[in-house]
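J.: Order-wise, the sequence lines are chains Y and S. The first sequence stops at residue 87 when you use UniProt numbering, and every number in between is there. The second sequence stops at residue 153 when you use UniProt numbering, and every number in between is there.
Think of the hints as simulated: they come from the structure by calculation, not from any bench. Beta carbons are placed, not taken as given, at the ideal position from N, Cα and C, and that holds for glycine. Treat the hints loosely; a few may be bogus.
What the hints assert, rightly or not - A short, non-exhaustive set of chain Y residues, derived as facing chain S with CB atoms under 8 Å:
(1) Asp32
(2) Ile34
(3) Asn38
(4) Ile39
(5) Val45
(6) Met58
(7) Gln62
What the hints assert, rightly or not - Pairwise CB distance ranges, derived in the manner of DEER restraints:
(8) Asn40(Y) - His28(S): 24 to 34 Å
(9) Val56(S) - Ala25(Y): 18 to 28 Å
(10) Ser41(Y) - Tyr6(S): 41 to 51 Å
(11) Ser28(Y) - Tyr106(S): 54 to 64 Å
Claimed, not checked - BS3-like mimics (lysine-lysine), calculated; alpha carbons at most 27 Å apart, straight line:
(12) Lys13(S) - Lys12(Y)
(13) Lys80(Y) - Lys13(S)
(14) Lys149(S) - Lys68(Y)
(15) Lys2(Y) - Lys68(Y)
(16) Lys68(Y) - Lys13(S)
(17) Lys80(Y) - Lys2(Y)
(18) Lys149(S) - Lys13(S)
(19) Lys12(Y) - Lys68(Y)
(20) Lys117(S) - Lys149(S)
(21) Lys149(S) - Lys128(S)
(22) Lys13(S) - Lys128(S)
(23) Lys128(S) - Lys117(S)
What follows is each chain in one-letter form.
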Amino acid sequence: MKRETIYEALLKIISPYLPEDVGEAAISPGSDLIRDLNINSSHLVDIILDVEDHFNIMLEDQDMEALKTVEDALGIIEVKLGTTGNS
Amino acid sequence: MTMTDYLNHIVEKLPFAEPFLFVDGLTHLDEDRVRGFFRFRPDLDFYRGHFRDRPVTPGVLLTECCAQIGLVCLGIHLLGRQHQEREGGYVVALAESSMEFLHPVYPGERVEVTGEKVFFRFGKLKVKVSLTRADGQMACRGELAGMLKPEEP
């Protein structure tokens, strides 16, 4: 799966969980989901569960700990999908 | 530890205290389900104002009772299994609540709450809850979610 395809899908997954005063345009690869996009810890779990369903992958506790930015999420998804050896 | 001791131990681990403890005891607890009870004593202070001259248990407190038994007790049990032999308390935060209220609960009634796990992932517990009166009528039901984690030492 191409990185752009994953990124597009990720944006769609994240958008519904943005606070009302944060628009989709605010999302960039470097955005920290909690600090920059103001997503709370409960919705962060929702996003991860949606990511799991959408990409048919399973994330572990250590993935959750490593996941801070949109780019981190992208990297984790790529590794799980085996698309690129991101490490 | 006997099952009864364990159920009491979970109630003691609750981070709530009077006047905001809405759990008297638990009768069942496993990986997926919890059942407990509480009696809304007629002398509870809020009955003086909800409603004036016509006391009825506020829906928010039925929700709270559902959350303390159905969400927090089950959550402490599940967390305790993840962090074995851990001493210390837990930090909890209600994240989502969607409830419907079907019948009133009057002062002095004993209610029973059942909580059923929908999922518990990454510290988020989502449950289906229901609260029934002693006469078997369901007073409210819905879904609640909360974040739970062990207290930092």
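J.: Each of the hints needs a verdict: does it hold here or not?
T.: Quick rundown of the hints versus the structure:
no. : hint                             : result
1   : Asp32                            : 17 Å, violated
2   : Ile34                            : 13 Å, violated
3   : Asn38                            : 15 Å, violated
4   : Ile39                            : 12 Å, violated
5   : Val45                            : 4 Å, holds
6   : Met58                            : 10 Å, violated
7   : Gln62                            : 11 Å, violated
8   : Asn40(Y) - His28(S): 24 to 34 Å  : 32 Å, holds
9   : Val56(S) - Ala25(Y): 18 to 28 Å  : 48 Å, violated
10  : Ser41(Y) - Tyr6(S): 41 to 51 Å   : 29 Å, violated
11  : Ser28(Y) - Tyr106(S): 54 to 64 Å : 55 Å, holds
12  : Lys13(S) - Lys12(Y)              : 40 Å, violated
13  : Lys80(Y) - Lys13(S)              : 38 Å, violated
14  : Lys149(S) - Lys68(Y)             : 19 Å, holds
15  : Lys2(Y) - Lys68(Y)               : 21 Å, holds
16  : Lys68(Y) - Lys13(S)              : 32 Å, violated
17  : Lys80(Y) - Lys2(Y)               : 14 Å, holds
18  : Lys149(S) - Lys13(S)             : 13 Å, holds
19  : Lys12(Y) - Lys68(Y)              : 18 Å, holds
20  : Lys117(S) - Lys149(S)            : 17 Å, holds
21  : Lys149(S) - Lys128(S)            : 20 Å, holds
22  : Lys13(S) - Lys128(S)             : 22 Å, holds
23  : Lys128(S) - Lys117(S)            : 7 Å, holds
The earlier numbered hints that this structure contradicts are 1, 2, 3, 4, 6, 7, 9, 10, 12, 13, 16.
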